[in-house]
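Note that the protein sequences, when read in sequence, are chains A and B.
Each residue of the first sequence is one higher than the one before, counting from 866 in this note's numbering.
Each residue of the second sequence is one higher than the one before, counting from 866 in this note's numbering.
The set of hints was computed from the structure by calculation and includes no laboratory data.
Predicted, not measured: the structure shown is a model, and the values here were computed from it.
Incorrect hints may appear among the rest.
What the hints assert, rightly or not - When the alpha-carbon atoms are kept at most 25 Å apart in a straight line, the in silico BS3-like pairs for lysine-lysine are as follows:
1. K875/A - K1176/A
2. K962/B - K986/A
3. K1018/A - K962/B
4. K1089/A - K906/A
5. K1133/A - K1190/A
6. K962/B - K962/A
2 protein chains.
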Amino acid sequence: MNPKVALFEKIMADAIREVFAQEQFPTLYDPARYILSLGGKRLRPLLTLMGADLFGSAVDKAINAALAIEIFHNFTLLHDDLMDRADMRRGQPTVHKKWNANSAILSGDAMVIEAYRYIAKVPPASLPVIMDLFSTTAMQICQGQQLDMDFEKRMDVSEAEYIEMIRLKTAVLIGCALKMGALIGGAEPRDADCLYEYGINIGLAFQLKDDLLDVYGDPRTFGKMIGGDILCNKKTYLLIKALKNSGEQQKKMLLLWLSASEFDSAEKIRFVKNVYDELNLKVITGNLIEKYYLASLDCLTSIRVSEDRKKDLMEFSENLMYREK
Amino acid sequence: MNPKVALFEKIMADAIREVFAQEQFPTLYDPARYILSLGGKRLRPLLTLMGADLFGSAVDKAINAALAIEIFHNFTLLHDDLMDRADMRRGQPTVHKKWNANSAILSGDAMVIEAYRYIAKVPPASLPVIMDLFSTTAMQICQGQQLDMDFEKRMDVSEAEYIEMIRLKTAVLIGCALKMGALIGGAEPRDADCLYEYGINIGLAFQLKDDLLDVYGDPRTFGKMIGGDILCNKKTYLLIKALKNSGEQQKKMLLLWLSASEFDSAEKIRFVKNVYDELNLKVITGNLIEKYYLASLDCLTSIRVSEDRKKDLMEFSENLMYREK
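Work out the full structure, taking the sequences as your base and the hints as a guide.
Okay, here's the thing in structure tokens:
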């Protein structure tokens, strides 16, 4: 791995360990410390540091913003897991399973507030614009989660609606993470906006890649069970596309599987995957990922810093695109 | 009613109606608009305006802070009702009853973010200190709610612990509402702190009065059912005091009633109220309310503005103390 990115990862891992470290009230803060300790890619805070670094700024100035992003992201996981009734997260029980629903609600609330406390610590000159960006993004994420839940009850979600949902639920936080870094790093507004758009495109590609890996990932490297989205009827890009592109008989069967309350898991995954195969959805989804990936590179190109400085981000996003987990 | 306070009430009622008024996403924002429309005393935002007015400032400067306080307060009601499984709020179904638990969680989250958006609109010179005060207060309220839930499982809550819990859950937001008004109104830090302490004392007295009215309120004026706290074993000041002051036999019977899963409501209320009567808790609680009320007046006295300016707040808090609902 790139030694600079490895250093940034270390900086963030150390900083995240300090969050809530001094707090008493174990019933309130243990669930928050727990979800923060589960790890994950730490993608978003890393992007904040890389955003600052892109404009030649020392990254320490961006650590508080990066922490705010990571705390907020983990808050959304905590509340989303409760709303989605998910039992496991990163191979461990979710907070509402390990504690209970009330703990998940209240500890999540405390995390939102803590995120804003870190936002308040960004360099004062950047505070108004960072605060505005953060709140706008946070609200969009709520809208994205609401759309995602609304989609559960619908069988006629269009591709455009789906892309809008993942833009709100996933991509805007990646854009926000990068843009905050850029603003703190002294970028001019136009360049900060380009980096935001880069993040949006990378974020869309990232989520579509997630959808794809759930079906076509390699079980040995993926880390999660293949077909998890299929089993819970998650409206992924592939399912939406399948509902749209399938023939009459195929669609009837697909809807039958989606409405079945008792079934053999392996059999359901096999059936749905077979429909995806017949409709060529691995290639179609791959092409769309490529489209957003290329669009992200265009955004990066238009940023007015030396090409040399952009290498880390390019390498990083390439790794994200060609990841197997 | 005091015409100035009536004007402030009108200003806030109009401003609250505008919150989320432009937002699409009915599934996300309807629950938030609903709980905000249920009314209530609008005590906290009114105190923000009165805090600004106390220092001779125009109150419009304080409207955004007042809205942040009211939105945050309603967010806590929304999530607390869900955590407490309360069916009714102000004579109407609670959000998780009218919609569902997920709506209550996510709309509540959106309200926290919206509260911060209004905080971001306070006069820039006050923003860092207001933001800090708001986040500190918001976090304390989470701690207070956690304590309240922790207390549900305990029969040995001390009076001091109870006072600390209501300080966190209720009093700090009243202190914060007033102090924000003072700061925006140009008060010196020392005076703003005195007004905060005034709010803490008023807030404690206010909650204790709530506890008292649940048992000794006049059913014709109280608006809610008498004995609601008794029926759900709520650890009010009176119950905590009763568990501590009761004799051996009395306590045994009290614990029996608290652990009963099937009982006649009227009979349970009659029994518990009788214990309170025997232990003279109406007078004891009344004395404690008086103590905090007098302490609040001391705080008000030490603020360096003309006595004339303090009249509205004095009258207002007197009304709160001698209210029958």
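Evaluation of the provided hints:
1. K875/A - K1176/A: holds, 20 Å
2. K962/B - K986/A: violated, 39 Å
3. K1018/A - K962/B: holds, 19 Å
4. K1089/A - K906/A: holds, 14 Å
5. K1133/A - K1190/A: holds, 22 Å
6. K962/B - K962/A: holds, 23 Å
Checked against the numbered hints given earlier, the structure breaks only hint 2 and satisfies all the rest.
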